[in-house]
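Construct all of the structure, not just a fragment, from the sequences and the given hints.
Numbering (my numbering), first residue to last: 90 to 379.
Hints in this document: simulated from the structure, not taken from any laboratory. Bear in mind the structure is a predicted one, so any value in this text is a computation, not a measurement. Don't take each hint at face value.
To be verified - Simulated restraints, written as ranges between beta carbons of each label pair:
1) 271 <-> 116: 11 to 21 angstroms
2) 288 <-> 156: 32 to 42 angstroms
3) 130 <-> 252: 23 to 33 angstroms
No residue lacks a Cβ here, since even glycine has one placed at the ideal position from N, Cα and C.
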Amino acid sequence: MQHTHTPETAPQTAFESRYASSPAEVQGMNTAQLRRQFLIQDLFVPNQFRWTLSFFDRYLTGGILPIDGSCPLVAPEQLKAAYFLERRELGVINVGGPGRIIADGTMYDLGYKEALYLGKGTRVVEFSSMDDQAPARFYLNSTPAHQTYPSRKIARADANQLNLGSVDTANERTINQMLINQVLPTCQLQMGMTELKTGSVWNTMPAHVHDRRMEVYFYFEVPEGQAVCHLMGEPQETRHIWVHNEEAVISPNWSIHAGAGTSNYTFIWGMAGENLDYGDMDFCAINELR
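Below you can see the structure in the form of C-alpha coordinates.
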(Lines of atoms letter the chains of each structure in order from A and count residues from 1; the text may use other names and numbers.)
(Lines give C-alpha, C1' and ligand atoms only; values in the text may rest on other atoms or scores of the structure.)
Protein backbone atom coordinates (compact mmCIF):
# COMPACT_ATOMS: atom_id res chain seq x y z
CA MET A 1 0.00 0.00 0.00
CA GLN A 2 1.41 3.39 -1.02
CA HIS A 3 1.68 6.14 1.54
CA THR A 4 3.26 9.58 1.73
CA HIS A 5 5.81 10.30 4.40
CA THR A 6 4.71 12.85 6.98
CA PRO A 7 7.17 15.58 8.04
CA GLU A 8 8.15 13.41 10.99
CA THR A 9 8.97 10.46 8.73
CA ALA A 10 10.12 12.41 5.65
CA PRO A 11 13.16 11.02 3.89
CA GLN A 12 16.43 12.37 5.14
CA THR A 13 18.44 14.57 2.84
CA ALA A 14 22.21 14.20 2.66
CA PHE A 15 23.94 17.25 1.20
CA GLU A 16 27.60 17.83 0.38
CA SER A 17 29.35 20.77 -1.30
CA ARG A 18 32.39 20.49 -3.55
CA TYR A 19 34.29 23.70 -4.21
CA ALA A 20 35.53 24.58 -7.68
CA SER A 21 39.23 23.86 -8.28
CA SER A 22 41.72 25.10 -10.82
CA PRO A 23 44.04 23.09 -13.11
CA ALA A 24 46.99 24.12 -10.94
CA GLU A 25 45.38 22.61 -7.84
CA VAL A 26 44.48 19.36 -9.60
CA GLN A 27 48.06 18.88 -10.84
CA GLY A 28 49.16 18.49 -7.23
CA MET A 29 46.41 16.10 -6.08
CA ASN A 30 47.07 12.48 -5.19
CA THR A 31 44.57 9.67 -5.81
CA ALA A 32 42.65 10.15 -2.56
CA GLN A 33 42.40 13.90 -3.09
CA LEU A 34 41.15 13.48 -6.66
CA ARG A 35 38.47 11.03 -5.55
CA ARG A 36 37.40 13.25 -2.65
CA GLN A 37 37.06 16.27 -4.95
CA PHE A 38 35.43 14.76 -8.05
CA LEU A 39 33.97 11.28 -7.36
CA ILE A 40 30.37 10.93 -6.17
CA GLN A 41 29.46 7.63 -4.48
CA ASP A 42 26.48 6.13 -2.61
CA LEU A 43 23.82 7.88 -4.66
CA PHE A 44 21.06 5.39 -3.84
CA VAL A 45 20.17 4.96 -0.18
CA PRO A 46 16.62 3.85 0.70
CA ASN A 47 14.28 6.82 1.19
CA GLN A 48 17.11 9.33 1.35
CA PHE A 49 17.83 12.11 -1.12
CA ARG A 50 21.58 12.24 -1.73
CA TRP A 51 22.86 15.55 -3.11
CA THR A 52 26.32 16.78 -4.11
CA LEU A 53 26.60 20.44 -5.06
CA SER A 54 29.47 21.36 -7.36
CA PHE A 55 30.36 25.04 -7.40
CA PHE A 56 31.09 24.61 -11.09
CA ASP A 57 27.83 26.14 -12.40
CA ARG A 58 26.17 25.28 -9.06
CA TYR A 59 25.35 21.83 -10.43
CA LEU A 60 23.48 19.40 -8.19
CA THR A 61 23.92 15.65 -8.66
CA GLY A 62 21.68 13.35 -6.67
CA GLY A 63 19.69 10.18 -6.33
CA ILE A 64 16.64 8.80 -4.55
CA LEU A 65 15.70 5.14 -3.95
CA PRO A 66 12.07 5.15 -2.75
CA ILE A 67 11.21 1.94 -0.95
CA ASP A 68 8.26 2.31 1.39
CA GLY A 69 5.93 4.88 -0.07
CA SER A 70 6.16 8.31 -1.61
CA CYS A 71 9.24 10.43 -0.98
CA PRO A 72 8.62 14.20 -1.23
CA LEU A 73 11.34 16.41 -2.66
CA VAL A 74 12.31 19.03 -0.10
CA ALA A 75 14.67 21.97 -0.44
CA PRO A 76 17.88 21.42 1.51
CA GLU A 77 18.65 24.25 3.90
CA GLN A 78 21.73 25.10 1.85
CA LEU A 79 19.58 26.18 -1.13
CA LYS A 80 17.89 28.92 0.93
CA ALA A 81 14.72 28.31 -1.07
CA ALA A 82 11.06 27.97 -0.10
CA TYR A 83 10.84 24.82 -2.25
CA PHE A 84 13.39 22.89 -4.30
CA LEU A 85 12.45 24.16 -7.76
CA GLU A 86 11.82 27.75 -6.72
CA ARG A 87 14.86 28.86 -8.74
CA ARG A 88 15.99 25.57 -10.28
CA GLU A 89 15.12 23.03 -12.98
CA LEU A 90 15.43 19.27 -12.54
CA GLY A 91 16.27 16.34 -14.81
CA VAL A 92 15.46 12.75 -13.80
CA ILE A 93 16.45 9.46 -15.43
CA ASN A 94 15.23 6.19 -13.95
CA VAL A 95 17.94 3.52 -13.78
CA GLY A 96 15.92 1.03 -11.73
CA GLY A 97 12.49 -0.59 -11.66
CA PRO A 98 9.26 1.15 -12.71
CA GLY A 99 8.69 4.37 -10.82
CA ARG A 100 6.24 7.21 -10.49
CA ILE A 101 6.74 10.94 -10.06
CA ILE A 102 3.86 13.26 -9.18
CA ALA A 103 4.64 16.92 -9.87
CA ASP A 104 2.04 19.51 -8.89
CA GLY A 105 -0.66 16.88 -9.32
CA THR A 106 0.50 15.54 -12.71
CA MET A 107 1.52 11.88 -12.70
CA TYR A 108 4.51 10.64 -14.69
CA ASP A 109 5.34 6.92 -14.84
CA LEU A 110 8.98 6.28 -15.71
CA GLY A 111 10.30 2.94 -16.86
CA TYR A 112 13.93 1.91 -17.11
CA LYS A 113 16.03 4.54 -18.91
CA GLU A 114 13.16 7.00 -19.28
CA ALA A 115 13.60 10.67 -18.40
CA LEU A 116 11.59 13.54 -16.97
CA TYR A 117 12.19 17.29 -17.08
CA LEU A 118 10.64 19.45 -14.37
CA GLY A 119 10.67 23.19 -14.90
CA LYS A 120 11.30 26.06 -12.52
CA GLY A 121 8.34 26.80 -10.28
CA THR A 122 7.17 23.21 -9.81
CA ARG A 123 6.27 23.21 -6.12
CA VAL A 124 5.29 19.70 -4.97
CA VAL A 125 7.24 16.70 -6.29
CA GLU A 126 6.94 13.14 -4.96
CA PHE A 127 8.90 10.04 -5.96
CA SER A 128 7.74 6.45 -5.51
CA SER A 129 8.38 2.93 -6.77
CA MET A 130 5.72 0.82 -8.44
CA ASP A 131 7.17 -2.31 -6.82
CA ASP A 132 9.18 -2.13 -3.60
CA GLN A 133 10.79 -5.47 -4.52
CA ALA A 134 12.17 -3.89 -7.72
CA PRO A 135 12.37 -0.22 -6.73
CA ALA A 136 12.98 2.70 -9.00
CA ARG A 137 16.39 4.37 -8.85
CA PHE A 138 15.94 7.98 -9.83
CA TYR A 139 19.17 9.69 -10.90
CA LEU A 140 18.80 13.47 -10.48
CA ASN A 141 20.55 16.50 -11.97
CA SER A 142 19.56 20.08 -11.17
CA THR A 143 20.79 23.51 -12.24
CA PRO A 144 19.80 27.13 -11.53
CA ALA A 145 17.01 28.38 -13.81
CA HIS A 146 15.74 31.84 -14.66
CA GLN A 147 12.87 30.90 -16.99
CA THR A 148 9.98 28.48 -16.63
CA TYR A 149 9.63 25.79 -19.29
CA PRO A 150 6.98 23.03 -19.42
CA SER A 151 7.62 19.78 -17.61
CA ARG A 152 7.77 16.77 -19.91
CA LYS A 153 8.50 13.06 -19.92
CA ILE A 154 11.01 11.82 -22.49
CA ALA A 155 10.65 8.13 -23.36
CA ARG A 156 13.38 6.24 -25.18
CA ALA A 157 11.54 6.74 -28.47
CA ASP A 158 11.47 10.52 -27.92
CA ALA A 159 15.26 10.83 -27.70
CA ASN A 160 17.42 12.04 -30.56
CA GLN A 161 19.62 9.00 -31.28
CA LEU A 162 23.11 9.09 -32.76
CA ASN A 163 25.02 5.91 -33.64
CA LEU A 164 28.73 6.64 -33.54
CA GLY A 165 32.11 4.89 -33.36
CA SER A 166 33.13 1.49 -34.64
CA VAL A 167 34.30 -1.92 -33.53
CA ASP A 168 37.76 -1.12 -34.90
CA THR A 169 38.24 1.69 -32.37
CA ALA A 170 36.36 -0.11 -29.54
CA ASN A 171 33.86 2.73 -29.19
CA GLU A 172 30.72 1.67 -31.06
CA ARG A 173 27.92 3.35 -29.15
CA THR A 174 24.43 4.85 -29.23
CA ILE A 175 24.01 8.38 -27.87
CA ASN A 176 20.49 9.13 -26.65
CA GLN A 177 20.06 12.90 -26.47
CA MET A 178 17.13 13.27 -24.08
CA LEU A 179 16.93 16.57 -22.22
CA ILE A 180 18.59 18.81 -24.77
CA ASN A 181 17.31 21.85 -26.64
CA GLN A 182 16.81 19.89 -29.89
CA VAL A 183 14.22 17.79 -28.00
CA LEU A 184 12.69 20.23 -25.49
CA PRO A 185 13.46 23.71 -24.14
CA THR A 186 15.49 24.06 -20.93
CA CYS A 187 17.29 26.94 -19.27
CA GLN A 188 20.74 25.36 -19.14
CA LEU A 189 20.41 21.73 -18.06
CA GLN A 190 21.16 19.10 -20.71
CA MET A 191 21.12 15.34 -20.16
CA GLY A 192 21.47 12.19 -22.19
CA MET A 193 22.59 8.59 -22.08
CA THR A 194 25.33 6.79 -24.00
CA GLU A 195 25.18 3.00 -24.40
CA LEU A 196 28.32 1.15 -25.48
CA LYS A 197 27.95 -1.94 -27.62
CA THR A 198 29.36 -5.32 -26.58
CA GLY A 199 33.11 -5.31 -27.18
CA SER A 200 33.39 -1.51 -27.04
CA VAL A 201 34.87 0.20 -23.99
CA TRP A 202 35.98 3.73 -24.94
CA ASN A 203 33.72 6.73 -24.42
CA THR A 204 34.16 10.29 -25.66
CA MET A 205 37.12 9.80 -27.94
CA PRO A 206 38.55 12.01 -29.31
CA ALA A 207 38.45 13.76 -25.94
CA HIS A 208 37.30 17.36 -25.77
CA VAL A 209 36.68 20.32 -23.48
CA HIS A 210 33.99 23.01 -23.55
CA ASP A 211 34.82 26.19 -21.67
CA ARG A 212 31.22 27.38 -21.48
CA ARG A 213 29.78 24.40 -19.62
CA MET A 214 30.74 21.75 -17.09
CA GLU A 215 29.63 18.12 -17.07
CA VAL A 216 28.91 15.17 -14.79
CA TYR A 217 29.19 11.53 -15.89
CA PHE A 218 27.19 8.83 -14.09
CA TYR A 219 28.29 5.27 -14.90
CA PHE A 220 25.89 2.33 -14.62
CA GLU A 221 25.32 -1.11 -16.12
CA VAL A 222 28.94 -1.76 -15.14
CA PRO A 223 29.05 -5.54 -14.52
CA GLU A 224 29.98 -6.80 -11.07
CA GLY A 225 33.74 -7.01 -10.70
CA GLN A 226 34.36 -4.59 -13.58
CA ALA A 227 35.20 -0.87 -13.57
CA VAL A 228 35.74 2.18 -15.74
CA CYS A 229 38.94 4.21 -15.82
CA HIS A 230 37.68 7.79 -16.14
CA LEU A 231 40.15 10.29 -17.57
CA MET A 232 40.13 13.95 -16.56
CA GLY A 233 42.39 16.97 -16.39
CA GLU A 234 43.90 19.28 -18.97
CA PRO A 235 44.63 17.55 -22.30
CA GLN A 236 48.38 17.68 -21.70
CA GLU A 237 48.14 16.99 -17.96
CA THR A 238 45.66 14.14 -17.53
CA ARG A 239 44.65 12.26 -14.41
CA HIS A 240 42.47 9.19 -13.88
CA ILE A 241 39.82 7.99 -11.42
CA TRP A 242 38.61 4.38 -11.24
CA VAL A 243 34.80 4.40 -11.19
CA HIS A 244 32.47 1.54 -10.26
CA ASN A 245 28.80 0.86 -10.91
CA GLU A 246 26.39 3.72 -10.11
CA GLU A 247 29.11 6.25 -9.34
CA ALA A 248 29.48 9.71 -10.87
CA VAL A 249 32.39 12.01 -11.69
CA ILE A 250 32.36 15.82 -11.80
CA SER A 251 34.11 17.29 -14.83
CA PRO A 252 35.19 20.97 -14.72
CA ASN A 253 34.78 22.98 -17.90
CA TRP A 254 38.56 23.01 -18.42
CA SER A 255 38.87 19.21 -18.13
CA ILE A 256 38.55 16.39 -20.60
CA HIS A 257 36.02 13.70 -19.69
CA ALA A 258 36.54 10.29 -21.23
CA GLY A 259 37.05 6.74 -20.12
CA ALA A 260 37.65 3.11 -20.89
CA GLY A 261 36.01 0.19 -19.13
CA THR A 262 37.05 -3.37 -18.49
CA SER A 263 33.74 -4.24 -20.22
CA ASN A 264 31.02 -2.29 -22.00
CA TYR A 265 28.72 -0.12 -19.86
CA THR A 266 26.26 2.79 -20.04
CA PHE A 267 26.65 6.32 -18.75
CA ILE A 268 24.46 9.37 -18.28
CA TRP A 269 25.93 12.74 -19.08
CA GLY A 270 24.56 15.97 -17.70
CA MET A 271 25.76 19.47 -18.53
CA ALA A 272 25.19 23.05 -17.43
CA GLY A 273 26.49 26.42 -18.51
CA GLU A 274 25.80 29.37 -20.75
CA ASN A 275 25.99 27.36 -23.98
CA LEU A 276 23.23 25.02 -25.20
CA ASP A 277 24.97 23.97 -28.44
CA TYR A 278 25.79 20.31 -27.82
CA GLY A 279 28.21 20.28 -30.77
CA ASP A 280 30.34 23.22 -29.57
CA MET A 281 33.47 21.40 -28.38
CA ASP A 282 37.22 21.91 -28.55
CA PHE A 283 38.59 18.52 -29.56
CA CYS A 284 41.94 17.12 -28.48
CA ALA A 285 43.83 14.93 -30.94
CA ILE A 286 44.33 11.49 -29.46
CA ASN A 287 48.06 11.47 -30.18
CA GLU A 288 48.45 14.82 -28.38
CA LEU A 289 47.03 13.65 -25.05
CA ARG A 290 49.55 13.42 -22.26
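Each hint, compared with the structure:
1. The hinted range of 11 to 21 angstroms is not satisfied by residue 271 and residue 116, whose Cβ atoms lie roughly 37 angstroms apart.
2. For the pair residue 288 and residue 156, the supplied restraint of 32 to 42 angstroms holds, since their beta-carbon distance comes to about 36 angstroms.
3. Checked against the given bound of 23 to 33 angstroms, the beta carbons of residue 130 and residue 252, roughly 31 angstroms apart, stay inside it.
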